[in-house]
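With chain A held as given, fit chains B, C, D and E onto it using these hints.
Residue numbers (the numbering used here), protein chains in the order written: chain A, 2 to 316; chain B, 2 to 316; chain C, 2 to 316; chain D, 2 to 316; chain E, 2 to 316.
If you are wondering where the hints come from, they were derived from the structure by calculation, not from laboratory data. Wrong hints could be hidden among the right ones.
[Said to hold, decoys possible] Derived lysine-lysine pairs resembling DSS-like cross-links, with alpha carbons at most 30 Å apart:
1) K287/C <-> K287/E
2) K180/E <-> K85/E
3) K313/E <-> K126/E
4) K314/A <-> K180/A
5) K180/C <-> K314/D
6) K311/D <-> K180/C
7) K287/A <-> K287/E
8) K85/D <-> K180/E
9) K314/C <-> K314/B
10) K313/C <-> K313/B
11) K311/E <-> K311/D
12) K311/B <-> K180/B
13) K311/E <-> K311/A
14) K311/C <-> K180/D
15) K287/B <-> K287/E
16) K180/C <-> K180/B
17) K65/E <-> K314/D
18) K314/E <-> K314/A
19) K311/C <-> K314/B
[Claimed, not checked] To be clear about the criterion: a stretch of chain D counts as covered by chain E if any three or more of its residues have a C-beta under 8 Å from a C-beta of chain E, and this derived list gives those stretches:
20) 230-241
21) 269-283
[Stated by the list, open to error] Coverage of chain C stretches by chain B, computed from C-beta distances (three or more under 8 Å per stretch; other residues unrestricted):
22) 59-67
23) 175-184
24) 235-248
In this text, a Cβ means the ideal position worked out from N, Cα and C, and glycines have one as well.
Spelled out, the chains give:
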Amino acid sequence: MSETIDQPATTGTTHGLRTILDNRGLLWLDLDDPMSHVLDDLAARYGFHELAVEDCRHREQLAKLDYYDDYSFIIINATHYTEKPCEVRINEIDVFIGSDYIVTVHYGESRAVNEIIKKSESNAKHFGRPDQILHAVIDIVVDRYLPTLDHIGDTIDSVEDDLLISPDATLLSTIFALKRGLLQFRRAVSSQRELLNMLIRDDTAFISEEMRIYFRDVYDHAVRAMDLIETYRDLLTGGLDIYLTQMANRTNDIVKGLTILATIMLPLTLVTGYFGMNFEYIPLLKHPNGIWYTTGVLLLITLAMLSFFKHKKWL
Amino acid sequence: MSETIDQPATTGTTHGLRTILDNRGLLWLDLDDPMSHVLDDLAARYGFHELAVEDCRHREQLAKLDYYDDYSFIIINATHYTEKPCEVRINEIDVFIGSDYIVTVHYGESRAVNEIIKKSESNAKHFGRPDQILHAVIDIVVDRYLPTLDHIGDTIDSVEDDLLISPDATLLSTIFALKRGLLQFRRAVSSQRELLNMLIRDDTAFISEEMRIYFRDVYDHAVRAMDLIETYRDLLTGGLDIYLTQMANRTNDIVKGLTILATIMLPLTLVTGYFGMNFEYIPLLKHPNGIWYTTGVLLLITLAMLSFFKHKKWL
Amino acid sequence: MSETIDQPATTGTTHGLRTILDNRGLLWLDLDDPMSHVLDDLAARYGFHELAVEDCRHREQLAKLDYYDDYSFIIINATHYTEKPCEVRINEIDVFIGSDYIVTVHYGESRAVNEIIKKSESNAKHFGRPDQILHAVIDIVVDRYLPTLDHIGDTIDSVEDDLLISPDATLLSTIFALKRGLLQFRRAVSSQRELLNMLIRDDTAFISEEMRIYFRDVYDHAVRAMDLIETYRDLLTGGLDIYLTQMANRTNDIVKGLTILATIMLPLTLVTGYFGMNFEYIPLLKHPNGIWYTTGVLLLITLAMLSFFKHKKWL
Amino acid sequence: MSETIDQPATTGTTHGLRTILDNRGLLWLDLDDPMSHVLDDLAARYGFHELAVEDCRHREQLAKLDYYDDYSFIIINATHYTEKPCEVRINEIDVFIGSDYIVTVHYGESRAVNEIIKKSESNAKHFGRPDQILHAVIDIVVDRYLPTLDHIGDTIDSVEDDLLISPDATLLSTIFALKRGLLQFRRAVSSQRELLNMLIRDDTAFISEEMRIYFRDVYDHAVRAMDLIETYRDLLTGGLDIYLTQMANRTNDIVKGLTILATIMLPLTLVTGYFGMNFEYIPLLKHPNGIWYTTGVLLLITLAMLSFFKHKKWL
Amino acid sequence: MSETIDQPATTGTTHGLRTILDNRGLLWLDLDDPMSHVLDDLAARYGFHELAVEDCRHREQLAKLDYYDDYSFIIINATHYTEKPCEVRINEIDVFIGSDYIVTVHYGESRAVNEIIKKSESNAKHFGRPDQILHAVIDIVVDRYLPTLDHIGDTIDSVEDDLLISPDATLLSTIFALKRGLLQFRRAVSSQRELLNMLIRDDTAFISEEMRIYFRDVYDHAVRAMDLIETYRDLLTGGLDIYLTQMANRTNDIVKGLTILATIMLPLTLVTGYFGMNFEYIPLLKHPNGIWYTTGVLLLITLAMLSFFKHKKWL
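If we strip away everything but chain A, and leave its shape as in the complex, we get (with noise of 0.2 Å):
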């Protein structure tokens, strides 16, 4: 199986900042390398705000949008799943939004920037202008959460059935595992949809009316996603719940089988220290088929216990 579902493209030598698009009414500029001077540059160049040029340095940001006057920064959350062990990374890709440009910075390649490049090739009039752009790079990143879900969802139903069959305490670490990536992922999940909301609520300049019903839909595919990992950490809590009690039941079991075999074992052993005791008259010593009685009646105080479990249902 492969152990990522969502690799980041290899990120080799960064090429700095590119003008992908430069139509009338758009340009497009893409930064990989947020720590480069290039991003003082343009900050200076469209007036961005200190404080978003910091932000986008720092890795592992939330996803937030803030206004300014003449533009709006975006921190989008992608992210990146690894399933073993399972962990959930998030990889931000920045934008600066104005009227007629957009920014999008990120740490070396971005799968969804380059998908979008390769997809406005093909299709120029859907890429026309800066919220067309923002709403490429949202849908995408956002489409992939709901498949690297069902991923996780799958992982969870074999660990139940596993735990329904064979409780393990590797499935224990499995469980741990999921909860904390599930933690992780609806961390950014839960800001990218704070961030979709805000997007589609407010009544902010750089979205234009017929966008705003684009932005919905992955609004509702965010939902849809939050609503999945509250399910999952629920179905993981009970998957606890179903090891707890596989464990009482086994303990059961065991202390089951001791008991069965001392119950049986104790008073056999004490007839036999009976008759090994050293007094000059036992009754059966001397008889010629002492041993054959006494060996009887150890059979049947064993076919006695057998059948009391028998009838207690412990065998």
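Same frame as chain A, now just chains B, C, D and E:
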């Protein structure tokens, strides 16, 4: 017992687009194959948004309501419950509703739609406007939640009784299956309730004032269904607690049994071991009644232990 | 102890429609059989909506308030508590209230209605308007919540005391029955509280300004009842925790007892086994006081073990 | 240690109605027996509503604020904490506040009222208006929450320390008593906080603008008390978890001890049993040093087992 | 490892009131002893409310913001974290902020204030208005939350790893100490976040429009800190679950070991007991190879048991 209480009608041959009603002021079209190009034709004719069409083609969407200029798009969550194993699946019915037409879209035959067709034949006056059709569909879908819940409630009742009488590992898997089914059910009902809430709150043009009260009634039913789902989830969690405490009780009983046995047997064995030692002189050994005195002591010890446990109420 | 504290009056023969009051400005009709055609006649005369009539005919509806043009429809949740087993059932009273009439509908006799009839005979001036009747009915119904809760609270108290003194499996089923009863109770009270909240918030025509303060008082009582229900649920969950920790304590005690016994008996048995071996030469065997030396050693071992456990505070 | 930190003053003879202050613009009446007919006289004179009078006569009402036309009615929740067993009782103080008078009603003497009387003698200017008296009463009542909580917090601290050092069943009942006390406390404080919230939010005529800031300060204290109560409830739940894990640890240790003992003793006993068999020929039996060889083997087995457990870190 | 990551500066001699800045439009006074009469003098000069002065003199107040006519009073919650044992204490900084002055009050030296003094020397233009000073103080305080949380997060990580490898009772006390520390931390951060929320929402005069964006940035950091605290609390609860399931596993393993041993030893002991009885005739006793046959049987039983447990995967 029948395994399903709400089986989908056989999904044999699809009949494509049907015109079910075509009165003055109401055209009702029904399509049972959202994948066919017919839907694209309809979308072109009525100007349905591409996102809505896409939603029709995805299965298991949650209920929602999207307003568009000339029409509204509604996803209704019909549920399909199977008992063994307890599972709740969503069969979505998609509705486009305009001022004088309604288009229903679903995969294969839909019981709800079929029932309404039958009703509309005998009672034409209640099916004269699009909002009446919409109400009829939602009403049937929501009305079917409660018998399903009653069924689940009965299962929970019998599981709880069994838990108190004879706790058993198979009850565990029933509890977890029910929990899981309720989680799925809750997702469907909760989104359906939100949809109904929007319908009765928003001052939508496509619902007449007179019909609003009927939608409010359906909303009440959805609220009651949600309420029952939460109650059942609480009961199932309680059921798990019963199971765990019963297991703890049982372990206690088993260990208690082992302890009683050991407490009686070990001292007796010690006595026989004592008189089994090979010392030249051990008191009583040469005494003709030694064995009887010793046997008496063994019986005394046994009785003393038994009355001790009787006193401690362990027997 | 009486098993029920709020028994429904005997539901022998129904007397159909009664005119209880017919003053200037107030007609109070009471119907004790919602299934009869009389209700249809009333609905036709006063223009009751078919949905409201349907609601009357379903039992165990949650409390609610629906406004119609000329009248309002209210479902009141009277509760009926039985102690063994703890169960709370909803006896709904349906009320149609207009500007100068009130119609109450219920299954069989209703204690609340009977009490008001008795009161109204002696105190006519407080029963001169429909909203006064409505208040009287709701007041009696809500006032009866608190003694029921006191009863439940007393049971919880005695269960908690028993849990600390002698935890017992029968206490478990009492706890779960109480939990279940409180869940049912909460549903009734919570919907009733919402109904009262609507009555005092909404500027409804059918409640006079002067009566509003009385409804606020009833609302306060319902809030207090909800508050107590939540507190009791917390206490019951705590009771379960007491039970589980007491079981853990007890298992510890039993296993401790077994360990003490085995720790004393097994070494003693080893010693007797040692001198029970059939070697030609074993020290002490031929010694005349060998048996006494050995017996002394056995006693010493026993005392050492006992003082060891004393030291460990296990005894 | 003193058992109570807030004992009610001795409730000997009641002195009925007292006129505490009678300045220009302020009449303060205090009544320590709500059952007496004096309250009815007052109600008649000032026009108090019958519902408010009834509330005075019920004990242990939750804090609330009811507006009437000419006056307001306020229930204040003083708390009375006893430590062993931890219990929090509500002593209500009822206040009628008008434009130029204030009437306080309580059962028996009230510490809060007595303290204010003393203060007002030395500092008349701060007790010139009804809202100043009201503030003084609430301030004293709320200020007394925090020392009570500090006391509870200290008890929780020492319980937690004891739990880690020597978990004990008596700690359990202390935890549950504290939980219960905090539940009662929370009800009182939470209603008091709501009351204060209403006082500072609503634009009530009977509180002067200048006093509002003082009520806000009291509100802050009530919020802090609620906050501490929630924190303590969390800590107590954590304490229960400590107890349960400590019990699990202890069971493990006991079972481990039993297992070590059995693992050493059972093989030794087997060896002695082997040489205790009555076969004509058993190797070593006739050997003069047989018993020493065997004894050596027994010691070797013991040492091997001990070093095995040492290796497993069980010793 | 250093024990504290945020030690308060040495609190040697206090220097009383300092004038840190006295530019046109900004007077910054700093007082490191709220108990001194200097504060009373200041209060008299600027008209500070007595309640605010009192708040300065209480330690460990939660963060809050009170508006007064000419100035505002703010309590800032700096935190002081010690690692062993994990504890979070609140060091409050009190701020009075007017149109052209700011007064900071704290106990002993404050690192935050010292840092700002240093910064303000090199960068005067960013410290020209009271709101800039206020921002600088809050910014430093909130920025210090995240390294503390990272530290706690690392501790949780290593605790979780240890729990899966070698669960140990000392890990338990670490978990509970962390839980407790997070509870204290949460109280501080949550009130600080509310304070910041008020600062950016309310249209307060003393914060310039231009600075508001900087306060929003600090607010984001506080929100992130709260978010992490909640995540860590979830992880710790999960850690406790790991511990409990590991203990259950371990008990199972120990009991399993005991059962295996007993299952092998008891039957062997029974056989030796059988041949240790003193009957005149027992088969094999007189047979020259009897002992070898018997020994063979003992070995066979042992092997059979071992392979049985191998088959059950207990070994």
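Verify the proposed pairing of K314/E with K314/A, using a straight-line Cα cut of 30 Å. Since the Cα atoms of K314/E and K314/A sit roughly 24 Å apart, the hinted pair holds (cutoff 30 Å).
Proposed proximity, K314/B with K311/C (alpha carbon, max 30 Å): Within the cut-off at roughly 25 Å; holds.
Is K287/A within 30 Å of K287/E, Cα to Cα? holds, 16 Å
Does K180/A lie within 30 Å of K314/A when you go C-alpha to C-alpha? The given pair, whose Cα atoms are some 39 Å apart, is violated under the 30 Å limit.
Against the 30 Å threshold, does the CA-CA distance of K180/E and K85/E hold or violate the hint? holds, 13 Å
Given the hinted pair K311/D and K180/C, is their Cα-Cα distance within 30 Å? violated, 49 Å
Hint consistency between K314/C and K314/B [alpha-carbon to alpha-carbon, up to 30 Å]: Distance of about 24 Å is within 30 Å: holds.
Coverage criterion applied to the segment 230-241 of chain D (partner chain E; beta-carbon cut 8 Å; 3 residues): holds (count 4)
The segment 235-248 of chain C covered by chain B? Criterion: 3 or more residues, Cβ-Cβ distance below 8 Å. With 4 residues closer than 8 Å to chain B, the segment 235-248 of chain C meets the three-residue bar; holds.
Checking one constraint from the list: CA of K287/B to CA of K287/E, max 30 Å. Satisfied? Holds, because 26 Å separates the two Cα atoms, which is no more than 30 Å.
Mind checking the alpha carbons of K313/E and K126/E for me, to see if they're no more than 30 Å apart? violated, 78 Å
Within a Cα-Cα threshold of 30 Å, do K180/C and K180/B meet the stated pairing? OK: K180/C and K180/B at ~18 Å, within 30 Å.
This entry does not satisfy hints 3, 4, 5, 6, 12, 14, 17, going by the numbered hints stated previously.
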